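Student: Letter by letter, the chains look like this.
Number of protein chains: 2
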Amino acid sequence: MQPQGEFDLIARYFKRPAPSGMLGIGDDCALLSPAQGCDLAVSTDMLVEGRHFFADGDPRRLGHKALAVNLSDLAAMGARPLACTLALSLPRLDNAWLQAFADGFHALSRDAQCPLVGGDTTGGARQVVLCITVMGEVRRHQALRRDAARQGDDLWVSGVLGAADIALRLMQGSLPPDPDRLALCRSALETPTPRLRLGRYLAGVAHAAIDISDGLLQDLGHVLDASQCAADLWLDTLPAHAALAGLDDTVRRDAVLAGGDVYELCFTAHPRRREQITTLSRQLKLPITRVGAIRRGTGLRVLDALGREIPVPRRGFDHFSISQT
Amino acid sequence: MQPQGEFDLIARYFKRPAPSGMLGIGDDCALLSPAQGCDLAVSTDMLVEGRHFFADGDPRRLGHKALAVNLSDLAAMGARPLACTLALSLPRLDNAWLQAFADGFHALSRDAQCPLVGGDTTGGARQVVLCITVMGEVRRHQALRRDAARQGDDLWVSGVLGAADIALRLMQGSLPPDPDRLALCRSALETPTPRLRLGRYLAGVAHAAIDISDGLLQDLGHVLDASQCAADLWLDTLPAHAALAGLDDTVRRDAVLAGGDVYELCFTAHPRRREQITTLSRQLKLPITRVGAIRRGTGLRVLDALGREIPVPRRGFDHFSISQT
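For the record, the sequence lines run as chains A and B. Per the working numbering, residue 1283 is the first one in the first sequence, and the count goes up by one each step. Per the working numbering, residue 1283 is the first one in the second sequence, and the count goes up by one each step.
The following block holds chain A by itself, in its conformation from the complex (with noise of 0.2 Å):
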């Protein structure tokens, strides 16, 4: 076969006719109208095969998940998606990898009503690198920050935990070969749901909210720091996913806490709205739970069924933790 120029590739995998009122891939730049009233939230991923995805994986679910990462951060924002772009960095030109992660890409782009309008192929890799930024509006004044938790507020927590760490667990061989228990957690790790219809919700009722990517403590942290205050969190309150079943208890206690990959979402709100949270569970078919309390002073305590503190090492996922020159 002949070589295969950057337009021809964009146009066979990529191009999609823009929504009306958009101009789409095939100029200096896309061109998108936000509404009147709405700030613009943005938001961009870098994933690096090797280290966010498996060389190996299949390449459909790689197109969701890398979308589905992005979508997730406006979920944690309150802003309804706009448009997307993405960027493409590969070694060669593998006509039945890009199809299917094309396909991947728009099935969930389509979903989410988050059109890709713009975006850059390259060859010249010597890995896979992927780059998606991913714009959406929020009416002003509503966004979900993190900086916006407040004192008194309930901290609450959406889905069940720990499933994608286990999943990744098993498929690194650090868990002993469970094949049962991995069908029942690996979607959550490779096709994960952003909660884009909860984080709109939530615009406007909830205060701080965050998902939960880098493990819920790690980002619990977050939101503490930038909100000054801090938080007790009760541990027998955590929601579990059900490949947690049978598994010994620090290794649950670990994936819940700690695991990464969780694009639940996090968030605090006034004791209130308990009723309206409640009836949104409902409504979206969702578990939503009430995981703890926003409290003055600084740090986060881990309580058990009895008040008492646990002693858990505050840990995340470092995307960066290799040594410097």
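It is possible that part of the hints are untrue.
In this list, chains with the same sequence are indistinguishable; a pair is considered to hold if it fits within one copy or across any two.
Derived pair list, reagent style SDA-like, types lysine to any residue, alpha-carbon separation capped at 25 Å [what the hints assert, rightly or not]:
1. 1567 / 1591
2. 1297 / 1308
3. 1297 / 1507
4. 1297 / 1378
5. 1567 / 1521
6. 1567 / 1483
7. 1297 / 1382
8. 1297 / 1423
9. 1567 / 1552
10. 1297 / 1580
11. 1297 / 1424
12. 1297 / 1429
13. 1297 / 1504
14. 1297 / 1499
15. 1297 / 1389
16. 1567 / 1516
17. 1297 / 1581
18. 1567 / 1464
19. 1297 / 1422
20. 1567 / 1390
21. 1567 / 1482
Hints are computed from structural coordinates only; laboratory data are not their basis. None of these values were measured; they are calculated from a predicted model.
Given chain A's structure and the hints, the job is docking chain B onto it.
Tutor: Positioned in the frame of chain A, the structure of chain B alone reads:
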């Protein structure tokens, strides 16, 4: 030295106070407030070590150029910069490199009033990969789109052409060593100036515009394809950079017509705009030269001073000239 976390790296090299009304680095998303009545222009570019820049190149100049090539896309759309994001994948943490890169990046970011509001840094890469996304605003219906050229339009080019191509050839050794010549043209390749002021003035004045990053023939070809019209390009009028003096005719012609990495604007405008554009050229102290005309039909002809057509290969820089699997 100890390993350094992702968050320290961002804080140390890249975090700057966000301008008033914006939320910058440190939340799930950045928040911007585009002006009412404006469209949002978005462009993204990925740069890969060994392909778009030399591994041993000056990191300060790289920081400048990485942002400049993206700002040039905003200029070509007639947009005013609003903010940018930067994702950076690194094989190792090299503090001196990062500091110099960040200095070059921030200096241009400040000059262009395009604050860095979000980003991502990651390790585990086998080579340096950068991805920048720029966002700008342009008054609705005034963006300089590729599909807006009209029959009878004049064809204009800003600045002078060919310098980056000659610099690249000298540095790669495909032209014999010539330190004086390299000194003349190196900055065009390494620290190009995006034509932001020109682009903003042209919004609402010119019809189509594009930057010449892939070479004049190829980029003008994109305008003609998108606008479904043809053009004559007058070879003798094309403004050549002083560094081309004394070079072989074929090398000069090739550099001017097909040399990439030129961050000048090629645009079309109604002939009644000539005086306005000439005045603008004086105000900006930037040559703006009328180099041809848009006509009915398809295709691009290059004509000599006697109006005879000159055969030229229509080509430019292809970002993906590798063979596929």
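Student: Does each hint fit the structure? Answer for all of them.
Tutor: Quick rundown of the hints versus the structure:
1. 1567 / 1591: neither (32 Å within a copy, 69 Å between copies)
2. 1297 / 1308: Within one copy, since 9 Å is at most 25 Å while 32 Å is not.
3. 1297 / 1507: between (42 Å within a copy, 16 Å between copies)
4. 1297 / 1378: Within one copy, since 17 Å is at most 25 Å while 40 Å is not.
5. 1567 / 1521: within (15 Å within a copy, 65 Å between copies)
6. 1567 / 1483: within (14 Å within a copy, 53 Å between copies)
7. 1297 / 1382: For residue 1297 and residue 1382, only the intra-copy Cα distance (15 Å) is at most 25 Å; the inter-copy one is 37 Å.
8. 1297 / 1423: This pair counts as between: shortest inter-copy Cα distance 23 Å, intra-copy 34 Å.
9. 1567 / 1552: within (22 Å within a copy, 59 Å between copies)
10. 1297 / 1580: between (49 Å within a copy, 24 Å between copies)
11. 1297 / 1424: between (33 Å within a copy, 24 Å between copies)
12. 1297 / 1429: Between. Shortest inter-copy distance 17 Å satisfies the 25 Å Cα cut-off; intra-copy 38 Å does not.
13. 1297 / 1504: between (37 Å within a copy, 16 Å between copies)
14. 1297 / 1499: between (40 Å within a copy, 23 Å between copies)
15. 1297 / 1389: Within one copy, since 13 Å is at most 25 Å while 35 Å is not.
16. 1567 / 1516: Only inside one copy: residue 1567 and residue 1516 sit 23 Å apart there, 66 Å across copies, limit 25 Å.
17. 1297 / 1581: Answer is between; shortest inter-copy Cα gap is 24 Å, intra-copy 48 Å.
18. 1567 / 1464: Within one copy only: 24 Å inside a chain, 66 Å across chains, cut-off 25 Å.
19. 1297 / 1422: For residue 1297 and residue 1422, the Cα distance is within 25 Å only across copies (24 Å; inside one copy 32 Å).
20. 1567 / 1390: This pair counts as within: shortest intra-copy Cα distance 20 Å, inter-copy 49 Å.
21. 1567 / 1482: within (15 Å within a copy, 49 Å between copies)
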